[in-house]
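Trainee: Letter by letter, the chains look like this.
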Amino acid sequence: MMPSLTNIVKCSFLAISENEAFARSVAVSFAARSSPTVTQLADIKCAVSEAVTNCIVHAYPPDRFDKPMVEMTLRHFDDNSVAITIKDHGVGIPDIKAAREPLFTTDTTGERSGMGFAIMESLMDNVKVSSRVNKGTTVTLKLRLGVPDC
Amino acid sequence: MISILSNEQTCAGAVTCNLNNGILEVAVSGEIDHHNARSIRAKIDEKLYLCRPKTVRLDLSDVSFMDSSGLGLILGRFTLTHELGGELKVVNPSQGVSRILDLAGTARLITIERGEK
Numbered sequence: 003m004m005p006s007l008t009n010i011v012k013c014s015f016l017a018i019s020e021n022e023a024f025a026r027s028v029a030v031s032f033a034a035r036s037s038p039t040v041t042q043l044a045d046i047k048c049a050v051s052e053a054v055t056n057c058i059v060h061a062y063p064p065d066r067f068d069k070p071m072v073e074m075t076l077r078h079f080d081d082n083s084v085a086i087t088i089k090d091h092g093v094g095i096p097d098i099k100a101a102r103e104p105l106f107t108t109d110t111t112g113e114r115s116g117m118g119f120a121i122m123e124s125l126m127d128n129v130k131v132s133s134r135v136n137k138g139t140t141v142t143l144k145l146r147l148g149v150p151d152c
Numbered sequence: 003m004i005s006i007l008s009n010e011q012t013c014a015g016a017v018t019c020n021l022n023n024g025i026l027e028v029a030v031s032g033e034i035d036h037h038n039a040r041s042i043r044a045k046i047d048e049k050l051y052l053c054r055p056k057t058v059r060l061d062l063s064d065v066s067f068m069d070s071s072g073l074g075l076i077l078g079r080f081t082l083t084h085e086l087g088g089e090l091k092v093v094n095p096s097q098g099v100s101r102i103l104d105l106a107g108t109a110r111l112i113t114i115e116r117g118e119k
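Protein sequence lines correspond, in order, to chains A and B.
Counting from 1, position 63 in the first sequence corresponds to residue 65 in the working numbering; the numbering is continuous, with no gaps.
Counting from 1, position 70 in the second sequence corresponds to residue 72 in the working numbering; the numbering is continuous, with no gaps.
Among these hints, one or two may not hold up.
Anything over 10 Å on all C-beta distances counts as not near chain B; from chain A, calculated [stated by the list, open to error]:
#1 ALA23
#2 LYS47
#3 SER51
#4 PRO64
#5 ASP65
#6 VAL93
#7 VAL131
Which chain B residues face chain A? A few, computed with CB under 10 Å, are given here [as the list claims (entries may be wrong)]:
#8 HIS37
#9 ARG59
#10 SER63
#11 PHE67
Honestly, the hints are just simulated from the structure, not real lab data.
Being a predicted model, the structure only gives us computed values, none of them experimental.
For every residue, glycine included, the Cβ atom is placed at its ideal position computed from N, Cα and C.
Produce the complete structure using the sequences and hints provided.
Mentor: Shown next as structure tokens:
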């Protein structure tokens, strides 16, 4: 049976690096109400930071976009899982499979490690990526919170 | 031994540098993300070019958060230090930093010293 939605929060913010910490704080505040472990909170903080940073670094070349926005939607379900969706309306990812490979990066000037997606996948239960070139990219991070039943 | 800097010099922001006997101790505190990695990088690189140390000890014990931007920062400083004829070690990474370093397999490339603060 699919879990039922119990809470939803939406926010949007300008795709500038100052807002990376803001996005992390919102996600941690949202998840903190659902009895997460300390590690789970840290993992959400890091995974959201990776996803939002990807939008800011890659989605919006400055010469093509005026006021680029990132939309973040946080959902909580009755099985105590959260789904955090981070969406941009930027250039999109032509090859998602390649982008998810460790060490892959298109930014050769900023010392990017190319480990963003690999870290997201390591920390979350599930990471879903959908993208259309010149339409944008949506990343959904899912994690079940709390101490698992033995 | 010649000390280029005084025993303790504090960089602005969240980076503290201390050169002693050719060993540059760099302590970073706070959060390392894409937003602040650039300024942290600039502060460290300024000292690297100025001092050209034989050893850099990058103390990450007071880093409260780090994502893959921090990985890029560490790997970039490792490479630069090597190019300048020295070696870089990561010292006492905090728990959150250790998690990211372990996920990336950083220990295969960079020496990580723990418990020596």
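Trainee: List in ascending order the numbers of the hints, as given earlier, that are violated by the structure.
Mentor: 1, 2, 3, 9, 10
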